[in-house]
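Each chain, letter by letter, is given below.
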Amino acid sequence: MEKFDINTLKEEINSKKSLDKNYIQLIDNEFKGNINLRKYIINNLKENIEDWNSNHFLIFRCLINKMTNNEVMSILLSNKKRVLYYFNDILFKYALMNRLDSALVDYLIENFVEIFDCFDNELVQPLDDNKVVLDHLLDSEIFKSDKCNKLRERLFKLSNQYLLISLIYLNHDMLSNFNTFSLQEFLNITKEEFSDILDNVLIKVVNNDDCYNNFFKPLLLKSRIPKEFLLYKCSNFNNKTILEIMISKDSKENIKKFIINNGLNNKYEIVLLLKMNGIDIDNEIKFDPFEIDEMNIERSKYESFLNCELSKEELDLIKRFRTIFISDGESDIEIIDLACNSFRYLFSIKFEFAKRDLQSLIIIKLENPSFKFKKGDRTSFNGGLRIEDLSYKLCQDGIIYIKNDNSINDFNHEFTHALHFYIKHSEVPEQFSKGKFEINRDNYNKLVSICKSKVNSRKQKILESGCDYYSENKVEDLVPYETFFNELINRAENDDTYSEDVIEYVRNHFVIEDIYRQYYNRYYAYLLADKSVEDYFYSIIDIVDALCEGEIFDEGIEVDGYINHIGHGKEYFKPIKKRFEEIFADYVTIIKSHHKDEALMYLESIVGRELIEILDNYYKDLTYRLDEPKRIL
Amino acid sequence: MNFKEDIYLMMEINYLKVNNRDINGNNDDLFPFNWYLIKDYQKKAEILLEAINNNVKIIDTKKYQEMRNDVI
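Heads up: the protein sequence lines correspond to chains S and Z, in order.
Residues in the first sequence are numbered from 0 upward in steps of one, following numbering that gives the first Met the number 0.
Residues in the second sequence are numbered from 0 upward in steps of one, following numbering that gives the first Met the number 0.
It should be emphasised that the hints constitute simulated quantities derived from the structure, not laboratory data.
Accuracy of the hints is not assured; some may be wrong.
[To be verified] In the SDA-like style, the derived pairs of lysine to any residue whose C-alpha atoms are separated by at most 25 angstroms in a straight line are:
#1 S:K274 x Z:E11
#2 S:K318 x S:K274
#3 Z:K56 x S:K274
#4 Z:K42 x S:I502
#5 S:K239 x S:F257
#6 Z:K42 x S:K239
#7 S:K318 x S:L365
#8 S:K619 x S:K239
#9 Z:K42 x S:D494
Every value quoted in this text rests on a predicted model; they were computed, and no experiment measured them.
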């Protein structure tokens, strides 16, 4: 994209041309170095605040990260009445993330700013109240004791709008932060204890068109809402779900976009619900009903460890880490929470280097502010621009992409790549480059056959137990399929041209379980490739693949006619650096998994003691030393 | 996907079941060449019904033969 000057920007803003992502990125980059531009934008935002259009908000949103608190405040204060209405979501987010802290709130109150909610009701110190409620809500004890009544009193005092934001954000935060109860549990409590409040809020928000378009929808779009919230049934709307209400209020195209942008298009309940309402998103996605469950399996592997109590020091360190990453405004919260879970888990199993690694990560972030975590379609670590000829690495965009935000193994693997990259500059130790490592093929084949038999017994289990294996809420899960099926038959019956014999046959012979069985079979095919068998299996094969320089990947491993390619392949493993990078990351993933002893035993029997010792020493030496000379350009 | 395609898929699952086949296995021999290129799902469902009822392969059903004469 070509560079632009201040006049172009002026024109762009004034012509209200819609801004795309690249453009915002460009402004974002320009903004860092251009003082005039910064002044211009701030002045422009201040002057015309009455006529702000969506472009201004977008610009503001991308700039707010780079502004000082005073600049933000001066813009907010320039229009006292309306501005908080528009910015409540950002304010809330920032207050929550401790960026502006209580300073902004105090400042606003001192300056007698009138604050209105989206119903034009005046609010008295909403943020302050909100914070207190938040503190209470975040105290996990509250739902287990009789404090609910106190909470209820507080919630009644709150504005509807803020309550809704709290609920949506809390759904998310509760689950990922505290792990004391599941989202389903939380919604059940909300349903029982606060359903009157929640329904009241929803009916107000949704019935008011202005509020729905300017507040409710944008809020949902930004906050990565869980599917449970969309499927929440409001008693005030004849038990319709929130999604159904949205469908009745909005155009099909918008709903489609909304679902896809939120990444909810692989949730089969949502897809079926949309389908029943005549919105077809089959072209956009290939949804797999068990994808979600598979991710849950990943999570269930370590969930029991997360309830262990940690020391105050450990908790503080995790908290600090979380705040630092959240405040960059770019990392995705799911991955940050995944990282937190990873470290909680490591602390709870008393992993020797957990503290050291977490501290290293914090230092890396402080030294490389652009280093971030992102949720992506793939799982990888991107170290940014590397200049190999120089003795240092120029790091611009260190990004860890994670696909499955429940898999701490994926995180540990990519995180090790990052440590290796930032601390050791991806160097290969001499012992490794000079050493020759032979693979014990017999032991390797034994491991593969063990895993195959595990897959088979698992398949048997799946087929025998039917739906129960994957879902405890068997009946609830069947409902959408059953409704869907009946709907289908109804439509076919209403079509006069459609053959009645076929309808008759389908009605008599079709068993819902068949659909499940079909998916089980498909799911089974992915079992091996998606590392669901055992944590370490994939890592060991990857190590063997690297030592064989990609042969294992090209061969593939056959299970029941399906060939799964595990590893990275010949092309990838050509340079020795890549081989060592992967072996090292896999090794660290193995020693961090809770099958450590078993996995190391297998690994040693295949690759030999020597390699393990090299890797072990290398990992022990992976400490971030502050006294090292800083890498400068 | 409309309801015709969905019902067709259910018929196809039943067709495989009657023939004792795995849904994800290689079932090419049960289906005529170019079967998946035919987009008339209503017709295809009717053909499958005939194949199931008479316990024959698709290629041997009357309806398929008729349709083939139409198409080719």
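Against the structure, the hints come out as follows:
1. S:K274 x Z:E11: holds (21 angstroms)
2. S:K318 x S:K274: Distance of about 42 angstroms is beyond 25 angstroms: violated.
3. Z:K56 x S:K274: violated (33 angstroms)
4. Z:K42 x S:I502: holds (13 angstroms)
5. S:K239 x S:F257: holds (19 angstroms)
6. Z:K42 x S:K239: violated (37 angstroms)
7. S:K318 x S:L365: holds (15 angstroms)
8. S:K619 x S:K239: violated (57 angstroms)
9. Z:K42 x S:D494: With a Cα-Cα distance of about 14 angstroms, the restraint between Z:K42 and S:D494 holds, given a limit of 25 angstroms.
The structure is inconsistent with the numbered hints 2, 3, 6 and 8, although it conforms to all the rest.
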